[in-house]
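Trainee: We have chain Y already, so just place chains X, L and A on it with the hints.
Number of protein chains: 4
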Amino acid sequence: MRDVVEIGMGKTALRGYHLDDVAIVPTRRTRDVDDVSTAWQLDAYPFAIPCVAHPSDATMSPATAVTLGRLGGLGVLNVEGLWTRYEDPAKVLEELSLLDDEAPTTRKLQEVYAEPIRPELIADRVRAVREGGVTVAVRVSPQHTLTLAPVILDAGVDILVIQGTLVSAEHVSTVDEPLNLKEFIADLDLPVIVGGCTDYKTALHLMRTGAAGVIVGVGADEWSTTDTVLGIRVPMATAIADAAAARRDYLDETGGRYVHLIADGGLRTSGDVAKALGCGADAVMLGEPLSACVEAPAGGAWWHPAASHPSLPRGAFGPAQQPLGSMERLLFGPSDDAEGTLNLFGGLRRAMAKCGYRDVKEFQKVSLVLDR
Amino acid sequence: MRDVVEIGMGKTALRGYHLDDVAIVPTRRTRDVDDVSTAWQLDAYPFAIPCVAHPSDATMSPATAVTLGRLGGLGVLNVEGLWTRYEDPAKVLEELSLLDDEAPTTRKLQEVYAEPIRPELIADRVRAVREGGVTVAVRVSPQHTLTLAPVILDAGVDILVIQGTLVSAEHVSTVDEPLNLKEFIADLDLPVIVGGCTDYKTALHLMRTGAAGVIVGVGADEWSTTDTVLGIRVPMATAIADAAAARRDYLDETGGRYVHLIADGGLRTSGDVAKALGCGADAVMLGEPLSACVEAPAGGAWWHPAASHPSLPRGAFGPAQQPLGSMERLLFGPSDDAEGTLNLFGGLRRAMAKCGYRDVKEFQKVSLVLDR
Amino acid sequence: MRDVVEIGMGKTALRGYHLDDVAIVPTRRTRDVDDVSTAWQLDAYPFAIPCVAHPSDATMSPATAVTLGRLGGLGVLNVEGLWTRYEDPAKVLEELSLLDDEAPTTRKLQEVYAEPIRPELIADRVRAVREGGVTVAVRVSPQHTLTLAPVILDAGVDILVIQGTLVSAEHVSTVDEPLNLKEFIADLDLPVIVGGCTDYKTALHLMRTGAAGVIVGVGADEWSTTDTVLGIRVPMATAIADAAAARRDYLDETGGRYVHLIADGGLRTSGDVAKALGCGADAVMLGEPLSACVEAPAGGAWWHPAASHPSLPRGAFGPAQQPLGSMERLLFGPSDDAEGTLNLFGGLRRAMAKCGYRDVKEFQKVSLVLDR
Amino acid sequence: MRDVVEIGMGKTALRGYHLDDVAIVPTRRTRDVDDVSTAWQLDAYPFAIPCVAHPSDATMSPATAVTLGRLGGLGVLNVEGLWTRYEDPAKVLEELSLLDDEAPTTRKLQEVYAEPIRPELIADRVRAVREGGVTVAVRVSPQHTLTLAPVILDAGVDILVIQGTLVSAEHVSTVDEPLNLKEFIADLDLPVIVGGCTDYKTALHLMRTGAAGVIVGVGADEWSTTDTVLGIRVPMATAIADAAAARRDYLDETGGRYVHLIADGGLRTSGDVAKALGCGADAVMLGEPLSACVEAPAGGAWWHPAASHPSLPRGAFGPAQQPLGSMERLLFGPSDDAEGTLNLFGGLRRAMAKCGYRDVKEFQKVSLVLDR
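Chains as they are written, first to last, in my numbering: chain Y, 1 to 372; chain X, 1 to 372; chain L, 1 to 372; chain A, 1 to 372.
Everything labelled a hint here was simulated from the structure, so no lab data went into it.
Do not take every clue at face value.
[What the hints assert, rightly or not] Below, computed lysine-lysine pairings styled on DSSO-like, alpha-carbon distance capped at 30 Å: (1) Y:365 - X:201; (2) L:201 - L:182; (3) L:108 - L:91; (4) L:365 - A:201; (5) A:91 - A:108; (6) A:365 - Y:201; (7) Y:365 - Y:108; (8) Y:361 - X:201; (9) Y:365 - X:365; (10) L:201 - L:361; (11) X:201 - X:182; (12) X:365 - X:201; (13) L:365 - L:201; (14) Y:201 - Y:182; (15) Y:182 - Y:361; (16) A:361 - A:182; (17) Y:182 - A:365; (18) L:361 - L:91; (19) A:361 - Y:201; (20) A:201 - A:365; (21) X:365 - L:182; (22) Y:91 - Y:108; (23) X:108 - X:91; (24) A:182 - A:201; (25) L:361 - A:201; (26) Y:201 - Y:91; (27) A:182 - L:365; (28) X:91 - X:201; (29) A:201 - A:91; (30) L:108 - X:361; (31) X:365 - L:201; (32) X:361 - X:91.
[Unchecked claim] Residues of chain L clear of chain A, computed beta-carbon distances all greater than 10 Å: (33) 63; (34) 127; (35) 155.
[What the hints assert, rightly or not] Quick partial rundown of chain L residues pointing at chain X, CB under 8 Å, derived from the structure: (36) 9; (37) 168; (38) 201; (39) 202; (40) 233.
Being a predicted model, the structure only gives us computed values, none of them experimental.
Each residue gets a CB set at the ideal place from its N, CA and C atoms; glycine is no exception.
Chain Y with its partners taken away, still in its complex shape (with noise of 0.2 Å):
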């Protein structure tokens, strides 16, 4: 049944398909959208909203970390940022915030990047974070999480993000002692995420390290350049889909430990969220659309952290923009843009209801067209 085609002779490629070929169907019942619940659960950290911050430094700031986890989500600062990078970076976030498509922005990026990490600073942001009185959570590479990983826990934090654009199992290196994420998981207290995958094998591998939650995705937006320097282009209804599917083999195979899928990337709108959610995932991960908010810590420019690489940036810089509204407004309205930008867990409620479903899991079973 799933379609694969030869695209030439001995050369066959799955057919994929991204969020915006496919919408919602509602077939069955309606329901008042009152009586829908959006609340979402990681290991034992409750939230109202399944939603995740995406690490960049355009729209996580300690402060804003605390505000998102005030509202219900989960804010995830990057210890490999200018926090960490600078002991007040309010200066370079200002510089960033005034660049426009004119500037080079990229060597902007890769020069206020080229600022080493000082590990001492990582315990001043994650306390910033937790006396905000918020689910704390932080974002470290694959490359430096046995490097960082001891000043990270010793700082005290609820949840470990292990992310890069693309991270396996089992990574092979001749140079270095490659982390072994299993054994890595095993030896900690907390539950870790960790991401991004593309597919059904990898993400099965990357459950079985023992990840309390799984990215799917590389952040792919309109800003990203994956695919042209990579050649990677992610469809993510299919990438969901499958990944749903090691999720579902995992459970059965384990007897029961659940994996969460955090989507990461073809997400702008409310009915973006909607669609990740219809195709199997248990939350999302926002990047761009939390830097349309006035809390935003650079003013409403964008950039994902792949475009500061200093030899293979991957991603454009997208300029500040005038916000939208708070950050409140951003998630729960009232919004006066038609254009699902705001009001984006609103959005996702009342699509919840139009299509009678009461909460997140039972609305993965929800109907869907394929039009593109």
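Mentor: Here is chains X, L and A on its own, set in the frame of chain Y:
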């Protein structure tokens, strides 16, 4: 034969097609355009053209409902629109007619629709239409049907249109007593049109409520944002054909009750009207196309009823444009525009003639080609 | 093998492909371009290139019909065009050549074509072409064939083109006595070309009327609006291939009558010409491409005959443009334009040479790839 | 399994896919980028990167051929280009570098290439490259191979590239004695690269001529107009995979002769390079991408060799642009551009690392997804 696609392991989607994806193929005799009839009849009410107005205040005032009725179509006034919120909505309509793209148009719509509905105005508006000597139809939302129905019925309408973006035969609520469509319709003496819906099952269930007509689609046009806000997008060619299958099955199960399908969405030109009927619709519901006539109450501005939602608007505001001609000319020509937006039903007649069909019911069998 | 798609329950559509959807694949030997022939013959009339002019006043005057004939193609004058409505259409053509996009171009076309046809001018125009020493062909619409045929035949034409947007072998009318094509053609001594048509069955029926040539397509180009006005859109690759199947079947059922297919639509460049022949056409009908030559009667403006319809125009007006070169250069080069709009038949020859074919009939078997 | 589509009754087309239609899917381990090799070897000649220059005068002068060779690629000088028509082409190249979109660029190209080839200059140019200490390769067209080969061979080249838009193993001519590739190559002592071709059969026949390498594709890029002029368009993912099947079959039938495939077309970014290799190519032929380097002989202007054809040009002229960096930086970075046009082979390495492959030959097996 129906194309079920596995978009990922274990998650399927039906393929759906838009009106733009298909085209009409003439495959038999041709016929004189004067020998073609576009007549339509709903219950006891005959119409010269299979045309129902979408109940937007942008096109439907008591006066234009009468104009459309006299020209052979069915006007529909929204009893939750400006005409029942304002004693005299002229000033509000003029303000809306002056808005341009720079204005905060959605906010303005939310503002003018924040005014409460005054039930006593309903009777006045209905009377005004009735005095025009045409079939009287009004639209009410499912949420307000129980409250407003007594007033509406007292006022004396011929046809009741119960329309929300999406309506199901079974609405679930733990908060209010939900509308039981089947019981409600059974108690009425007049024909009810109900919708929208987007799939076979919902269409069939709505038919079983006793409705005389079912609306297929969510009124999507280029201003609609149901897709980006809710993730719901309706491939109209497929939705109409599926609902036509429900019409056949319901005809069979009842031994002869024929429920009319009114297509609402994807309709801009006479070619679109022809394709909707060719897919199986009995009539079309026209929104934005009617806003191009001289008589349009807001000077040619266009907005969908859902565009004024207080917290989750789903539709952009189309600023006023130079009218193309009178409503009569819009429907019957002559046209001096090559784009198919004038002489909508003259275009339909000619399409039917080129394919050799005599009436709309026959034309539902026309051959189609899928070329996109 | 043919792709029949269920677009909704119980409603099917055949898949159709446009010339743009396919491309030519060279899969065998290559050949010297000088060894390739583009010759074509219809009945007793030989042509150096398989090129018939679309009978628009924008390209065909008595003078340009002669020019095209001398260059090896077939000019076709419209006997219902400006040349038979005006003693001297020069002034009208000049006015049209001066119209720009701002002008009410469709209204102007309707105006100048409102002038009645003067049958006595037909003989004059035919004589002018005949004096040029070329094969004489004129176009008449099916509606006016019975009235105008006597005048046309008296004037002495070689080939009669009976062309409407869509022509069937059986036209039904309760108003007028309809044209019976089969009887009409049987009574004639000269070859008749008839069309357009868009499918196998209509093509076969038109062949059975005794026509020497059948026009496939409705002359669609980027100015055509048959699609938006009537919902009729012709995927030309499919339409040509289907008509070629009708040609084979008719050849078989008659034991040897070969009816020529003339493709009319989707043709802009030499590559399009090659693809139309590669799909099975014997010749192409060129409209707008010829309006780019210096000799074009309206200074390079372009309009389709249906664009001047008094109540339902179906075609936009293309304002005059800087000519690309003489008609000779347009057809045979040399080209100094990279876009394939100059040297149309030199491009065809080279495409045939790259694929190793010697003549047009052989080239109909060329391999195609579908890549869109 | 291969998708054969009936585009009309009795006329089929194979489905073909472009590089843009597919993407790479990482499905296994990841690997350190430092453990990845991009080395390639053709016959006795080793290369650090699988990169052959497209022989356009816009990128290849004797000097840049040396530069590319020193950086690990293979420069190819066109012996029918400006360097063998002019004693000193500097002035001509400068003129071309100054042309903008307003100029009659194609006419200018035709003009400068109208100058006859001076065989004595061939030896000079070859010597200049040889003195650079790199592998020497020149391109000659099939039409001029017999005439120019003696001069070329006397001059002493390492690799001969016989390249036309489309080359077959059997060229038919009644006019000239055609080139018999098989006999010609058998008589030579040096490896020959020949092409382009677009399908399995032609690729196999070209392999049987004894060629060491076969060029797949017609060098199509956004300036190419082979499609509009000839109707020939090459879906590169399919063409490469089909040619790779020919390579396998020829390897089998010869018991071990491995012919290298050089992909020429659809290549703009590092992601495209990765996809071409992932489809089965051994190396890529880069045209326009190399014109963005500081060393480009015409200041960044770009034209395809076929763009200067005297009567049927097939390629537009791309005016000079600000260079992106040195050729070294173009190939190896560091990049400060997010679009994948700098650090072309660093991008390839990283793509291979993300997918866990060690070398190019292994990487030909990478998984693909088809999502357009």
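Trainee: Take the hints in turn and mark each one as holding or not.
Mentor: Hint by hint, here is what the structure shows:
1. Y:365 - X:201: Status holds; Cα separation ~17 Å.
2. L:201 - L:182: Holds, because 16 Å separates the two Cα atoms, which is no more than 30 Å.
3. L:108 - L:91: holds (13 Å)
4. L:365 - A:201: Holds: residue 365 of chain L and residue 201 of chain A sit about 17 Å apart, inside 30 Å.
5. A:91 - A:108: Cα-Cα ~13 Å, so holds.
6. A:365 - Y:201: OK: residue 365 of chain A and residue 201 of chain Y at ~17 Å, within 30 Å.
7. Y:365 - Y:108: Since the Cα atoms of residue 365 of chain Y and residue 108 of chain Y sit roughly 45 Å apart, the hinted pair is violated (cutoff 30 Å).
8. Y:361 - X:201: The given pair, whose Cα atoms are some 23 Å apart, holds under the 30 Å limit.
9. Y:365 - X:365: violated (35 Å)
10. L:201 - L:361: holds (23 Å)
11. X:201 - X:182: Holds: residue 201 of chain X and residue 182 of chain X sit about 16 Å apart, inside 30 Å.
12. X:365 - X:201: At roughly 22 Å apart (the allowed maximum being 30 Å), residue 201 of chain X and residue 365 of chain X satisfy the hint.
13. L:365 - L:201: holds (22 Å)
14. Y:201 - Y:182: With Cα atoms ~16 Å apart, residue 201 of chain Y and residue 182 of chain Y stay inside 30 Å; holds.
15. Y:182 - Y:361: Since the Cα atoms of residue 182 of chain Y and residue 361 of chain Y sit roughly 27 Å apart, the hinted pair holds (cutoff 30 Å).
16. A:361 - A:182: At roughly 27 Å apart (the allowed maximum being 30 Å), residue 182 of chain A and residue 361 of chain A satisfy the hint.
17. Y:182 - A:365: Holds, at about 28 Å.
18. L:361 - L:91: Violated, at roughly 43 Å.
19. A:361 - Y:201: holds (23 Å)
20. A:201 - A:365: holds (22 Å)
21. X:365 - L:182: Since the Cα atoms of residue 365 of chain X and residue 182 of chain L sit roughly 28 Å apart, the hinted pair holds (cutoff 30 Å).
22. Y:91 - Y:108: Distance of about 13 Å is within 30 Å: holds.
23. X:108 - X:91: Between residue 108 of chain X and residue 91 of chain X the Cα gap is close to 13 Å, so the pair holds against 30 Å.
24. A:182 - A:201: At roughly 16 Å apart (the allowed maximum being 30 Å), residue 201 of chain A and residue 182 of chain A satisfy the hint.
25. L:361 - A:201: Roughly 23 Å between the alpha carbons, so the hint for residue 361 of chain L and residue 201 of chain A holds.
26. Y:201 - Y:91: Violated - the C-alpha atoms of residue 91 of chain Y and residue 201 of chain Y are around 44 Å apart, more than 30 Å.
27. A:182 - L:365: With Cα atoms ~28 Å apart, residue 182 of chain A and residue 365 of chain L stay inside 30 Å; holds.
28. X:91 - X:201: Cα-Cα ~44 Å, so violated.
29. A:201 - A:91: Violated, at roughly 44 Å.
30. L:108 - X:361: violated (38 Å)
31. X:365 - L:201: Distance ~17 Å between residue 365 of chain X and residue 201 of chain L Cα, so the pair holds.
32. X:361 - X:91: violated (43 Å)
33. 63: Answer for residue 63 of chain L: holds, closest chain A Cβ roughly 27 Å.
34. 127: holds (37 Å)
35. 155: At roughly 38 Å from the nearest Cβ of chain A, residue 155 of chain L sits farther out than 10 Å, so the non-interface label holds.
36. 9: OK, holds: residue 9 of chain L within 8 Å of chain X, min 4 Å.
37. 168: holds (4 Å)
38. 201: Given a least distance of 5 Å, the restraint on residue 201 of chain L holds.
39. 202: holds (6 Å)
40. 233: Holds - the Cβ of residue 233 of chain L comes within 8 Å of chain X, reaching about 4 Å at its closest.
Comparing the model with each earlier hint shows violations of hints 7, 9, 18, 26, 28, 29, 30, 32; every other hint is respected.
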